[in-house]
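Numbers 1 to 345, taken from this note's numbering, label the letters of the sequence shown in order.
Each hint should be verified, as a subset may be incorrect.
Said to hold, decoys possible - Heads up, simulated DSSO-like pairs for lysine-lysine below, C-alpha to C-alpha not over 30 Å straight-line: (1) Lys134 with Lys12; (2) Lys3 with Lys77; (3) Lys121 with Lys11; (4) Lys77 with Lys164; (5) Lys14 with Lys121.
Stated by the list, open to error - Here are the in silico distance ranges between beta carbons for each label pair: (6) Ser73 with Ser142: 26 to 36 Å; (7) Tyr230 with Lys291: 35 to 45 Å; (8) Leu226 with Ser255: 15 to 25 Å.
Read the hints as simulated data drawn from the structure, not as lab findings.
Quick reminder that beta carbons are idealized off the backbone N, C-alpha and C, glycines included.
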Amino acid sequence: MQKQLTQTDRKKLKGKLWFTSSFILIVIAFFYGMYHFIVRDALQKTDGFGTVPLVIFGIFGLIFLGIVGYMMSIFIKDLKADVKNCYEGVIEDKKLHIKKTTSNTSSSGSRGRRSNRTSTKRYFYMTVNGEEHKIEYPVYASIKVGDTIYFEVAPNSKTILSYKILESEAVKVVRNTPKLHRNEYPNSRIRQAPLTREDQENMYGFYTVALRKRLTIIAFMAFPILGLMYVDLLGLIVFLFPIPIILIYQLYKVSTLYVNYKKTINNGRKDVIETHITDKLFTTISNNGRKSSTYKLVTTYKTIAVPETIYGNFNTGDEIVVHKASHLPAVMGISILDTYYPLTT
1 MQKQLTQTDR KKLKGKLWFT SSFILIVIAF FYGMYHFIVR DALQKTDGFG TVPLVIFGIF
61 GLIFLGIVGY MMSIFIKDLK ADVKNCYEGV IEDKKLHIKK TTSNTSSSGS RGRRSNRTST
121 KRYFYMTVNG EEHKIEYPVY ASIKVGDTIY FEVAPNSKTI LSYKILESEA VKVVRNTPKL
181 HRNEYPNSRI RQAPLTREDQ ENMYGFYTVA LRKRLTIIAF MAFPILGLMY VDLLGLIVFL
241 FPIPIILIYQ LYKVSTLYVN YKKTINNGRK DVIETHITDK LFTTISNNGR KSSTYKLVTT
301 YKTIAVPETI YGNFNTGDEI VVHKASHLPA VMGISILDTY YPLTT
């Protein structure tokens, strides 16, 4: 369905048009500065041979102007068309895409140094009626999977002009659960159950991964201190601050991890927590060609990372049971109805 643009819609599109057009001034100022301080001198010193870099310089300038011009033309088309597309439906999923780009730079001179510079960009999407729409962060932060939403989109630039949540699944969940969920999780929804062999294996996997991570940090922190001890210069340890403090803290965390793991095993019990899913989070990360994804369920108890294979089996509003180690922050599995899904294997 299409509607005519309102004055508010046109004002929003014009604002984006003026913002984009400001890049033309930035591009012109940048290339003028490059020409005035670098290229012009090169032309004078090389007796005309500098025309080659001048041509390359001009080509790059035209490319940048072409990109900005294309972006401006999209908003101009939307204003001339004077229509917007209107959608209504249930939010089936929402996604955060994080794009990281790492570039290597080197400085000139006899001691040229190489450094890495990483830039990070975030893009937000929602899927409605099987179609993915790019959205801005304020929209992403206010919607939940399962919400019924009405929104209006510019046909060419795909700008979200306005949106309205018609029915919120998360509000239903909070309304139908005890008020204590919002501040302090009620003990009435936490009970104890015996550890199964599968639970013990999952918990051991969590324990070994956490222990290995702590020991790796301890090894890095202890290396310079042991080096000073070996050369009998332990008095210089004051110059390594705060490494000794970090080392002591990590040793404390290792000891508490071991004690809590043994306490859970000897107790032979686990916490079984009844909770509701209030949202789902799907995140993709790309870093110089390498891609990874994470899937999380937001519940009234905590946010739980789950494998992709079971992410689609849960919906906002579902009541689930979380199986957690009694003295460790390890969620060993979740269950819905009579189906149990292990998480830490």
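Structure-based check of each hint:
About 17 Å separates the Cα atoms of Lys134 and Lys12, which keeps this hinted pair within 30 Å; it holds. Our distance criterion of 30 Å between C-alpha atoms is met by Lys3 and Lys77, whose separation comes to about 16 Å. Of the supplied pair hints, the one linking Lys121 and Lys11 holds, its CA atoms being roughly 27 Å apart against a limit of 30 Å. Distance hint between Lys77 and Lys164 is fulfilled; the C-alpha atoms sit about 25 Å from each other, no more than 30 Å.
Between Lys14 and Lys121, the direct Cα distance comes to roughly 24 Å. Compliance with the 30 Å bound is thereby established for this hinted pair. Separation of Ser73 from Ser142 is about 31 Å and conforms to the stated range, judged on CB atoms against 26 to 36 Å. Taken as a hint, the range 35 to 45 Å holds for the pair Tyr230 and Lys291, whose Cβ atoms sit roughly 44 Å apart. Distance hint for Leu226 and Ser255: a CB-CB separation of about 20 Å, consistent with the stated range 15 to 25 Å.
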